[in-house]
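J.: Read off the chains here:
Protein chains: 2
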Amino acid sequence: MLSEGQVSRSNYFVLKGCLRKFFINEKGVEQTTEFAIENWWLTDNLSYEHRVPSEFFIQAVEKTTLLTISRDAQDQLLYTHPKMERYFRFIYQRAYAAAQMRMKYIFGLSKEAFYHHLNDKYPEFVQRIPQYLIASFLGFTPEYLSEIRARKIS
Amino acid sequence: MLSEGQVSRSNYFVLKGCLRKFFINEKGVEQTTEFAIENWWLTDNLSYEHRVPSEFFIQAVEKTTLLTISRDAQDQLLYTHPKMERYFRFIYQRAYAAAQMRMKYIFGLSKEAFYHHLNDKYPEFVQRIPQYLIASFLGFTPEYLSEIRARKIS
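Order-wise, the sequence lines are chains A and B.
Under this note's numbering, the first residue of the first sequence is numbered 1, with each subsequent residue one higher.
Under this note's numbering, the first residue of the second sequence is numbered 155, with each subsequent residue one higher.
FYI, nobody ran anything at the bench for these hints, they're computed from the structure.
Among the clues, some could well be false.
[Claimed, not checked] Capping the alpha-carbon separation at 35 Å, the derived lysine-lysine pairs in DSBU-like fashion look like this: (1) 121(A) with 27(A); (2) 83(A) with 27(A); (3) 170(B) with 258(B); (4) 27(A) with 275(B); (5) 237(B) with 111(A); (6) 83(A) with 111(A); (7) 265(B) with 83(A); (8) 27(A) with 258(B); (9) 258(B) with 275(B); (10) 111(A) with 27(A); (11) 16(A) with 258(B); (12) 265(B) with 152(A); (13) 170(B) with 237(B); (14) 152(A) with 306(B); (15) 181(B) with 27(A); (16) 83(A) with 217(B); (17) 16(A) with 63(A); (18) 306(B) with 237(B); (19) 170(B) with 217(B); (20) 83(A) with 237(B); (21) 27(A) with 306(B).
[To be verified] Estimated spans, in silico, between C-beta atoms of each pair: (22) 143(A) with 221(B): 48 to 54 Å; (23) 230(B) with 17(A): 25 to 31 Å; (24) 209(B) with 130(A): 25 to 31 Å; (25) 150(A) with 267(B): 17 to 23 Å.
Yeah, the Cβ is synthetic: ideal placement off N, Cα and C, and Gly gets one too.
Work out the full structure: start from the sequences and follow the hints.
T.: Take a look at the structure:
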């Protein structure tokens, strides 16, 4: 849907399913930075907004049904229906607030504590997403995640 | 201006000066998550939006002149002047895009590379902010930052 180096020309709204955004680090490892499940929007906003090549990839994690809008169509929508500004204001405000909390957890919690936090707060999400992607989101190896899970069960 | 446990009742716009947002981690160390210089807004959006106690502190880093708006006044402003929705949509969109890139640097760059990136891209910012706060933003000790700087100069 989006690969590094492309301009992100679409903004995606998830009707059913799940998307993820990731990049490939210097070691060649995929690092997931965001997921979008039902009723979330996802794009690379910097690329979408400024029409510059993206530094991210976006792909579906499971069978996914999307609405998609192009940058020009979204501009047109906002121009002809200014009331939609309010809708998108809320969307970005919520996404920004979520990113702030994410930052706090990255710096404030150990990787293991971050996993337990995620598991306690969003159990359905953790159940639903393949474990190797949860590991990629938390920034550790699938092996280390298995270890933590085993430790918790025992 | 804001302490952990308080509800963030104001949204701040920096006319001149600089604010920072931080939290205190389990080891008692201040971790800075965001700065706001001229023409940026800053609050704890989660607390401001949902009127819940904040997990952050906000304070001025230098002598700062601000505009401040309360949550109720901002709601009123948006209600009576819906055109302002567009303005705030851009504000949050920009802040969200910046947070996405920040996340990429946190995961994708070593702490040292992150410092050099910041220094290359925002030299005036790095000059302006006290070094111990740059260290607090990058997530390492002031001593380690001095070391990196010394290494670069030599």
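J.: Are the hints correct? Go through all of them and say.
T.: A quick look at each hint next to the structure:
1. Taken as a hint, the residue 121(A) and residue 27(A) pair is honoured in the structure, with Cα atoms around 31 Å apart against an allowance of 35 Å.
2. For the suggested pair residue 83(A) and residue 27(A), the alpha carbons sit about 45 Å apart, so the restraint of at most 35 Å is broken.
3. This hinted pair checks out: residue 170(B) and residue 258(B) have alpha carbons roughly 29 Å apart, not beyond 35 Å.
4. Our distance criterion of 35 Å between C-alpha atoms is met by residue 27(A) and residue 275(B), whose separation comes to about 23 Å.
5. At roughly 43 Å between alpha-carbon atoms, residue 237(B) and residue 111(A) are farther apart than 35 Å, so this suggested pair is violated.
6. Under the criterion of a C-alpha separation no larger than 35 Å, the hint pairing residue 83(A) with residue 111(A) is inconsistent with the structure, at around 41 Å.
7. In summary, the hint linking residue 265(B) to residue 83(A) is not supported, as the alpha carbons are separated by about 43 Å, beyond the 35 Å threshold.
8. A threshold of 35 Å between alpha carbons decides the hint, and for residue 27(A) with residue 258(B) the separation of about 14 Å falls inside it, so the pair holds.
9. At most 35 Å may separate the alpha-carbon atoms for a hinted pair to count; residue 258(B) and residue 275(B) meet this at roughly 15 Å.
10. Between the alpha carbons of residue 111(A) and residue 27(A) the distance comes to roughly 19 Å, so the proposed pair stays at or under 35 Å and holds.
11. Between residue 16(A) and residue 258(B) the alpha-carbon distance is near 26 Å, which keeps this suggested pair within the 35 Å criterion.
12. A threshold of 35 Å between alpha carbons decides the hint, and for residue 265(B) with residue 152(A) the separation of about 31 Å falls inside it, so the pair holds.
13. For a cut-off of 35 Å, the pair hint linking residue 170(B) to residue 237(B) stands: about 25 Å separates their Cα positions.
14. Proximity of residue 152(A) to residue 306(B) is assessed by CA-CA distance (about 44 Å); at most 35 Å being required, the pair is judged violated.
15. Between residue 181(B) and residue 27(A) the alpha-carbon distance is near 30 Å, which keeps this suggested pair within the 35 Å criterion.
16. At most 35 Å may separate the alpha-carbon atoms for a hinted pair to count; residue 83(A) and residue 217(B) exceed this at roughly 39 Å.
17. A distance of roughly 8 Å separates the Cα atoms of residue 16(A) and residue 63(A); the hinted pair therefore holds under the 35 Å criterion.
18. For the given pair, residue 306(B) sits about 48 Å from residue 237(B) by alpha-carbon distance, which is inconsistent with the 35 Å threshold.
19. Straight-line distance between C-alpha atoms of residue 170(B) and residue 217(B) comes to about 8 Å, which keeps the hinted pair within the 35 Å bound.
20. The straight-line distance between the Cα atoms of residue 83(A) and residue 237(B) is roughly 9 Å, inside the 35 Å bound, and the hint therefore holds.
21. Taking the CA atoms of residue 27(A) and residue 306(B), the gap is near 24 Å; set against the 35 Å cutoff, the hint holds.
22. Between residue 143(A) and residue 221(B) the Cβ separation comes to about 51 Å, which falls inside the hinted range of 48 to 54 Å.
23. The beta-carbon spacing between residue 230(B) and residue 17(A), approximately 39 Å, falls outside the hinted interval of 25 to 31 Å.
24. Between residue 209(B) and residue 130(A) the C-beta distance comes to about 30 Å, which sits within the given range of 25 to 31 Å.
25. Distance hint for residue 150(A) and residue 267(B): a CB-CB separation of about 34 Å, inconsistent with the stated range 17 to 23 Å.
The earlier numbered hints that this structure contradicts are 2, 5, 6, 7, 14, 16, 18, 23, 25.
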